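Note that the protein sequences, when read in sequence, are chains A and B.
Taking the numbering used here, the leading residue of the first sequence gets 102, the next gets one more, and so forth.
Taking the numbering used here, the leading residue of the second sequence gets 17, the next gets one more, and so forth.
Derived from the structure by calculation, the hints contain no laboratory data.
Fair warning: there could be bad hints in the mix.
If you only want the chain B side, here are some residues facing chain A, beta carbon under 10 Å, derived [as the list claims (entries may be wrong)]:
#1 Arg30
#2 Leu35
#3 Leu82
#4 Gln107
#5 Phe108
#6 Leu295
#7 Arg299
#8 Ala364
On a predicted model such as this, the values are computed, not experimentally measured, just so you know.
Even for Gly, the Cβ is constructed at its ideal location relative to N, Cα and C.
The primary structure of each chain is shown beneath.
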Amino acid sequence: MSRLYLARNPRVAARSLDGEMMIMSGRDSTLFTLNKTATILWQAADGTTPLDKIVEQKICAEYEVEPGEALKDAEALARDLASHGILQISEEPIVPENPAGGASR
Amino acid sequence: MSDLLEQMTEKALRNNIPLSVQLDLTYRCNERCVHCYLDHEDHGEMTTADIKHLLDQMAEAGVFILTLSGGEIFLRKDFFEILEHARFERQFCVKLKTNAIMIHEREAARIRDIGVESVQISIYSHRPEVHDGITLVPGSLQRSLDAARFLKSQGLRVIFANVLMVHNSQDYRGVRALAAEMGVECTLDPTITPMMDGNRSVLSLGVHPDTLHEVFRDKALVGEVDEFCTIAAPGDENALSALPCSAGHTTCYVSPYGDVFPCVQFPLATGNVRTQRFLDIWRYSDRMNEVRSIRLKHLTTCSSCSHIAGCSRCPGLAFMEGNMRGPSSLDCEKSFARTGVPSANMLAKKGPSANLVQIRPNAAPEEVRQTGAIA
Numbered sequence: 102m103s104r105l106y107l108a109r110n111p112r113v114a115a116r117s118l119d120g121e122m123m124i125m126s127g128r129d130s131t132l133f134t135l136n137k138t139a140t141i142l143w144q145a146a147d148g149t150t151p152l153d154k155i156v157e158q159k160i161c162a163e164y165e166v167e168p169g170e171a172l173k174d175a176e177a178l179a180r181d182l183a184s185h186g187i188l189q190i191s192e193e194p195i196v197p198e199n200p201a202g203g204a205s206r
Numbered sequence: 017m018s019d020l021l022e023q024m025t026e027k028a029l030r031n032n033i034p035l036s037v038q039l040d041l042t043y044r045c046n047e048r049c050v051h052c053y054l055d056h057e058d059h060g061e062m063t064t065a066d067i068k069h070l071l072d073q074m075a076e077a078g079v080f081i082l083t084l085s086g087g088e089i090f091l092r093k094d095f096f097e098i099l100e101h102a103r104f105e106r107q108f109c110v111k112l113k114t115n116a117i118m119i120h121e122r123e124a125a126r127i128r129d130i131g132v133e134s135v136q137i138s139i140y141s142h143r144p145e146v147h148d149g150i151t152l153v154p155g156s157l158q159r160s161l162d163a164a165r166f167l168k169s170q171g172l173r174v175i176f177a178n179v180l181m182v183h184n185s186q187d188y189r190g191v192r193a194l195a196a197e198m199g200v201e202c203t204l205d206p207t208i209t210p211m212m213d214g215n216r217s218v219l220s221l222g223v224h225p226d227t228l229h230e231v232f233r234d235k236a237l238v239g240e241v242d243e244f245c246t247i248a249a250p251g252d253e254n255a256l257s258a259l260p261c262s263a264g265h266t267t268c269y270v271s272p273y274g275d276v277f278p279c280v281q282f283p284l285a286t287g288n289v290r291t292q293r294f295l296d297i298w299r300y301s302d303r304m305n306e307v308r309s310i311r312l313k314h315l316t317t318c319s320s321c322s323h324i325a326g327c328s329r330c331p332g333l334a335f336m337e338g339n340m341r342g343p344s345s346l347d348c349e350k351s352f353a354r355t356g357v358p359s360a361n362m363l364a365k366k367g368p369s370a371n372l373v374q375i376r377p378n379a380a381p382e383e384v385r386q387t388g389a390i391a
């Protein structure tokens with residue numbers, strides 16, 4: 102099975118509000134809030150850490166979930182976030198699009 | 017406001033987070049609009065480093081929506097550097113306010129690449145002789161409209177901001193038609209704001225009450241006219257515990273000189289980011305906390321006014337009239353034009369003139385000067 106890499110879409114606006122991540126789509130200004138798992142994916146989406154590592158280190162370490170099931174759910178969630186233009190996903194590591202390459206707060 | 021944004025705003029309010037900030041990058045401008053409230057001289061704007069540092073602090077404080085305005089923002093040579101920092105380094109949702117006359121294809125493409133939520137452009141009329149007569153820059157309407165087309169062609173959200181005044185009181189339908197033809201949004205604002213130094217002479221440019229009466233009965237603007245023009249039912253005790261507006265609660269304003277105010281229309285300086293942390297000013301300024309403490313039931317005159325539940329009363333305009341807990345006569349006039357029912361303030365006014373306050377950036381209370389009277 103190929104690995105999946107995630108990167109934050111630099112076109113979106115993002116802010117953590119009292120622990121809840123707010124995202125505004127750069128595509129159509131739709132506002133989203135991310136649940137805990139989606140927030141974990143967003144914060145870990147550096148383009149170079151594969152999804153299975155994120156699941157192992159950030160999700161399985163925090164929640165009592167079966168790794169295979171957690172990876173399947175996380176992949177579905179990542180694809181959903183990508184469909185809304187929030188994340189970029191690829192089977193190769195992703196080079197940051199923006200020249201500044203900043204981190205999200 | 018979307019439901020989700022409303023929920024986020026409620027959450028920001030509960031946690032004392034400044035969700036939305038307007039930052040004016042400069043008061044300099046390449047237009048000279050006859051109604052403008054600003055002093056266009058540069059009295060020492062923040063440097064690029066100052067502004068980047070401020071943006072870092074604002075992101076840390078939880079600011080999400082950042083409106084960059086002026087003056088004319090494109091007069092700052094570092095504008096794109098600031099915008100890139102705001103977007104790429106700090107992930108703000110950025111809105112721009114501009115006259116757009118310096119935006120050409122290249123700038124429009126660059127704005128698209130960086131990504132902004134919207135670009136609001138001041139358009140006063142669909143007729144060049146009227147628009148240019150207000151901006152005092154020949155050809156400015158054509159340039160602003162060209163810019164709007166460049167931005168639109170890049171897929172950006174463009175909004176025409178139409179301020180209503182005596183010069184253009186008959187033209188708002190033309191502007192709306194033009195906006196519809198170009199596929200852009202359009203807002204209409206009948207409020208002329210006193211100048212920042214307290215000078216109210218520009219208020220004479222405001223539309224006549226009869227015109228306002230007509231505007232408020234334009235179905236295309238207000239929807240159900242009867243509903244819009246009816247006085248809202250008076251609220252109960254809970255309603256009177258409501259906030260007068262978001263100024264100082266989830267929003268604030270920062271001037272090009274680093275002064276922090278509750279709102280762009282509320283010239284009560286609460287601190288300066290060149291010498292204080294943004295979040296310290298937001299949380300601990302006595303003045304900010306005084307603004308924050310006010311509820312509708314604390315308003316002198318207004319709390320007993322029949323318009324209390326539906327009035328657009330602006331605390332900043334009230335402050336400029338002399339009392340942040342007092343009425344805003346401009347809003348009283350709007351309520352009257354809308355409903356035909358005089359406000360408590362209008363009924364109480366039997367000739368005595370209100371003292372006006374001249375505000376200076378970060379002036380101490382004792383430095384605030386009484387300057388004049390409403391004619």
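Ascending list of hint numbers which this structure does not respect: 6, 7, 8
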